[in-house]
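Enquirer: Each chain is listed here by its residues.
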Amino acid sequence: MEFGLSTEQAQLQDAVDAMLGRVCAVDRLRSGRGSSNFSAWASLVEAGVPGLLIGEENGGLGLGLFEAALIAEKLGKHVAPSPFLSNCVLAPIALRIAGAAEQRRRWLTALASGEARAGVAITEWVSGARDGASLAAADGRLTGSRLFALDAEGADILITVDNEGQLYLVEPDPAFVTVTPMPTIDITRNVSELRFDRAPAQALDASANGAALAAMRDAAWVMLAADALGAGWSMIDQAVAYSHQRRQFGRAIGTFQAVKHMCATMAAELEPARALIWYAAYAQDEKLADAPLVAAHAKALLGEVGRFVARTATEVHGGIGITDLLGLHYWFKRIGLDRQLFGGPELARRHAARLQGLLAA
Amino acid sequence: MDLHFDESYKRFRAQVRSFLDAHRADFPKPHGGRRPPPETLAWQRLLVEQGFVGRTVPTVYGGYGAQPDLLQSLIIAEEFTRAGITQGLTNQGVGMLVPTLLEAGSEEQKRRWIGPTLRGEILWCQGYSEPDAGSDLASLRTSAIEDRADFVINGQKIWTSGAQFADMMFCLVRTEPDAPKHLGISYLYFDMATPGIEVRPLTTMTGEAEFNEVFFTDVRVPRSQIVGERGQGWRVANATLKHERGMLGDPNAALARLGRLTSLLGSETRDGLPLSDDPLLVDRLMQLQGQALALKYHGERLLTEQVHGDPPGLAAMIVKLRATELNHEIQALGIDSLGEIGSLYEDGAHLRDASHWQERYMIDLGLIIGGGTAQIQKNIIAERGLGMPREPKLDR
Chain R
25 MEFGLSTEQA
35 QLQDAVDAML
45 GRVCAVDRLR
55 SGRGSSNFSA
65 WASLVEAGVP
75 GLLIGEENGG
85 LGLGLFEAAL
95 IAEKLGKHVA
105 PSPFLSNCVL
115 APIALRIAGA
125 AEQRRRWLTA
135 LASGEARAGV
145 AITEWVSGAR
155 DGASLAAADG
165 RLTGSRLFAL
175 DAEGADILIT
185 VDNEGQLYLV
195 EPDPAFVTVT
205 PMPTIDITRN
215 VSELRFDRAP
225 AQALDASANG
235 AALAAMRDAA
245 WVMLAADALG
255 AGWSMIDQAV
265 AYSHQRRQFG
275 RAIGTFQAVK
285 HMCATMAAEL
295 EPARALIWYA
305 AYAQDEKLAD
315 APLVAAHAKA
325 LLGEVGRFVA
335 RTATEVHGGI
345 GITDLLGLHY
355 WFKRIGLDRQ
365 LFGGPELARR
375 HAARLQGLLA
385 A
Chain A
24 MDLHFDESYK
34 RFRAQVRSFL
44 DAHRADFPKP
54 HGGRRPPPET
64 LAWQRLLVEQ
74 GFVGRTVPTV
84 YGGYGAQPDL
94 LQSLIIAEEF
104 TRAGITQGLT
114 NQGVGMLVPT
124 LLEAGSEEQK
134 RRWIGPTLRG
144 EILWCQGYSE
154 PDAGSDLASL
164 RTSAIEDRAD
174 FVINGQKIWT
184 SGAQFADMMF
194 CLVRTEPDAP
204 KHLGISYLYF
214 DMATPGIEVR
224 PLTTMTGEAE
234 FNEVFFTDVR
244 VPRSQIVGER
254 GQGWRVANAT
264 LKHERGMLGD
274 PNAALARLGR
284 LTSLLGSETR
294 DGLPLSDDPL
304 LVDRLMQLQG
314 QALALKYHGE
324 RLLTEQVHGD
334 PPGLAAMIVK
344 LRATELNHEI
354 QALGIDSLGE
364 IGSLYEDGAH
374 LRDASHWQER
384 YMIDLGLIIG
394 GGTAQIQKNI
404 IAERGLGMPR
414 EPKLDR
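Protein sequence lines correspond, in order, to chains R and A. Under my numbering, read the first sequence as residues 25 to 385, first letter to last. Under my numbering, read the second sequence as residues 24 to 419, first letter to last.
For the record, the hints were derived by calculation from the structure and aren't laboratory data. Just to be clear, a hint being listed does not mean it is correct.
[To be verified] Below, computed lysine-lysine pairings styled on BS3-like, alpha-carbon distance capped at 30 Å: (1) K204(A) - K416(A); (2) K33(A) - K319(A); (3) K319(A) - K52(A); (4) K133(A) - K204(A); (5) K319(A) - K311(R); (6) K311(R) - K204(A).
[Stated by the list, open to error] In silico negatives: residues of chain A with every beta carbon more than 10 Å from chain R: (7) E231; (8) R243; (9) T292; (10) E382; (11) E414.
[To be verified] Just a sample of chain A residues kept apart from chain R, beta carbon distances all over 12 Å, derived: (12) F28; (13) Y32; (14) E169; (15) E252; (16) H351; (17) Q398.
Quick caveat, the model's predicted, so the values are computed rather than measured. For each residue, glycine too, the CB sits at the ideal point set by N, CA and C.
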């Protein structure tokens, strides 16, 4: 039994960390929003990250969600703009579980090499439809809308789900599919509204829909949790560093117990979540029976602890913490979006309860 | 990451489980901190013989003499939790004195005291805190002055669990009044029947006397009854405190309690409807379950790090703080779920679980304070774990 990273896993995580450290400077984040922002994508492609979950037969690395969670943590740490969740995790899972042989051959290979990019719009299936978003299929064409699509701008394929829970692969033609940016608090992520007007769509395997969607949801929950873990620890590290530098009343503010206890509480709340995320990712790779339960708990716990760390680390910085000059708010907002995407803590906990036969009524 | 156990460990788990299954009738009833009754002592002896208590303690000292194997220890702990019993007596002697003697005791001390302590034949209490030395333990003032072949002890201890039942005390005393405070302390032990010792039970908010005050007036203790050298008691004690914080942070205990709370929500009704259908209570339950699972896996991660010989860092320092807070919150939800029924205490027709929810809620608050308060834990996490600058201290 080995509850921790293997040497290879630690090396992979360190390499991604070092690479992101080189390309992700706060000044570059200021360049713009969504797809007009700089992206760490080219570097991730070079490192083979798009093929992480794709089998070697399609040119991928054939690794698991455990490795993906290690990378997601570092993407959060460096608030790296990239289509990682949609392109490297959710689309490959959908295609692997519910894609036809030809779809898998063509698109998994193109995704693994970085030649093609995928966007994913399944929010309504996971956390419910807002503002009346609705998507219906007729004669192999989709009509309606999906909100909170991830990385749909410039994508070669879109994976989406209709009102009945049927998954589709769409090659977006501007004549039938309109992609409108949805600006969120977090400029490092690309979120859009999709409008389909009789858009040609390929249905994925109807018998595997449910399994694919559940696997996508559970994976998204763990990846977002890992992202918040990395971003949260970065905020704690920045708060601790600031507590050494900043002097008031003739002392470094880190010598005051009020400040120490804020930092210690953040660390004590956040660090146990690391092991939960590791286990949740491992449980999905190994198809353990409790995998859905721990995925829900990881999403809920990091939603709560992430919010606490984001506000407390900002508070340790005092007034400078809320300025654009410092840029700490990029982490604050990243964690804010991690909490809401694919459902907040209450939704994830209700799911966890129902998995255990609670809330039967 | 690989959570599969090798075949040898699977066989080991099966052995532990079949032992426990076969001895279900011998499981002792909780004796509430008092002297263990004969059947509890017989069970404790069996656990020592089987290597479930004192597993890695050498046989010459009365232990089982197994090579240290943390995975075997994990399996034993998991199987005892599964069976719903503690892994033998959980007292200050087994939990703290034995590890301390193994680290710092003389050969003669180890041979004389470890065996009977493991078997539960000798009960120990711990004389550390004083009225004016709580979080600032190293400022303790109970004095021990050498006089011919003895130390002569005068002073007072407080928060001494089980002193009214104990045979022996291990105790921190000031032997070098002129040395800096951490360097003037020695670790002594002595018989509680020694003339000059007075024990006064200290009743707490639970209505029980879980603690005592202990007064010393010219108590004569042979000079040989010191562990380590004169003036080294602080170092010896710190080894012991490390073990105490481990005892207070067992994640299996939190999960066992959470199971009990889940059963409560399933069995209790309000207006005839089960509480397990109340979304607000269930949401709180799920919050606690998420935290408990995180601490469980955190514990497995720490164990793996220990197997690798990694030095304990921040991850280990947070366990006492988080686990005691979590246990307390579990009890609070138990009380809240029961509502007015949850405020019943001690006796009466409608009382649930023999006051368990209220009683442990109060005891757990004591555990948040004891063994290093939550605030002291946060200082340790901040300064040693996060490397934050130390507070200027006025008395160093």
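Enquirer: Run every hint past the structure and note whether it holds.
Expert: Now the hints, each set against the structure:
For a cut-off of 30 Å, the pair hint linking K204(A) to K416(A) stands: about 13 Å separates their Cα positions. Of the supplied pair hints, the one linking K33(A) and K319(A) holds, its CA atoms being roughly 20 Å apart against a limit of 30 Å. Under the criterion of a C-alpha separation no larger than 30 Å, the hint pairing K319(A) with K52(A) is consistent with the structure, at around 26 Å. Simply put, K133(A) and K204(A) have alpha-carbon atoms about 28 Å apart, close enough for the 30 Å limit, and the pair holds.
Using a Cα cut-off of 30 Å, the hinted pair K319(A) and K311(R) holds, with the two alpha carbons roughly 20 Å apart. Distance restraint check for K311(R) and K204(A): the Cα-Cα separation of roughly 56 Å exceeds the 30 Å cut-off, and the hinted pair is therefore not satisfied. Even its closest Cβ contact with chain R, about 30 Å, leaves E231(A) beyond 10 Å, as expected for a residue assigned away from the interface. For R243(A), the requirement that its beta carbon stay farther than 10 Å from each beta carbon of chain R is met, with the minimum near 42 Å.
Even its closest Cβ contact with chain R, about 12 Å, leaves T292(A) beyond 10 Å, as expected for a residue assigned away from the interface. The Cβ of E382(A) lies farther than 10 Å from every Cβ of chain R, with a closest approach of about 26 Å, so its non-interface assignment holds. Not every CB of chain R is more than 10 Å from the CB of E414(A) (nearest about 5 Å), against its label as outside the interface. A beta-carbon of chain R is positioned within 12 Å of the beta-carbon of F28(A); the least distance is around 5 Å.
With a cut of 12 Å on Cβ distances, Y32(A) falls inside the contact zone with chain R, its closest approach being about 7 Å. With a cut of 12 Å on Cβ distances, E169(A) stays outside the contact zone with chain R, its closest approach being about 39 Å. No beta-carbon of chain R comes within 12 Å of the beta-carbon of E252(A); the shortest separation is about 34 Å. Residue placement check: H351(A) keeps its beta carbon more than 12 Å from all beta carbons of chain R (closest about 14 Å).
Some Cβ of chain R comes within 12 Å of the Cβ of Q398(A); the nearest lies about 7 Å off, and the non-interface call is violated.
Comparing the model with each earlier hint shows violations of hints 6, 11, 12, 13 and 17; every other hint is respected.
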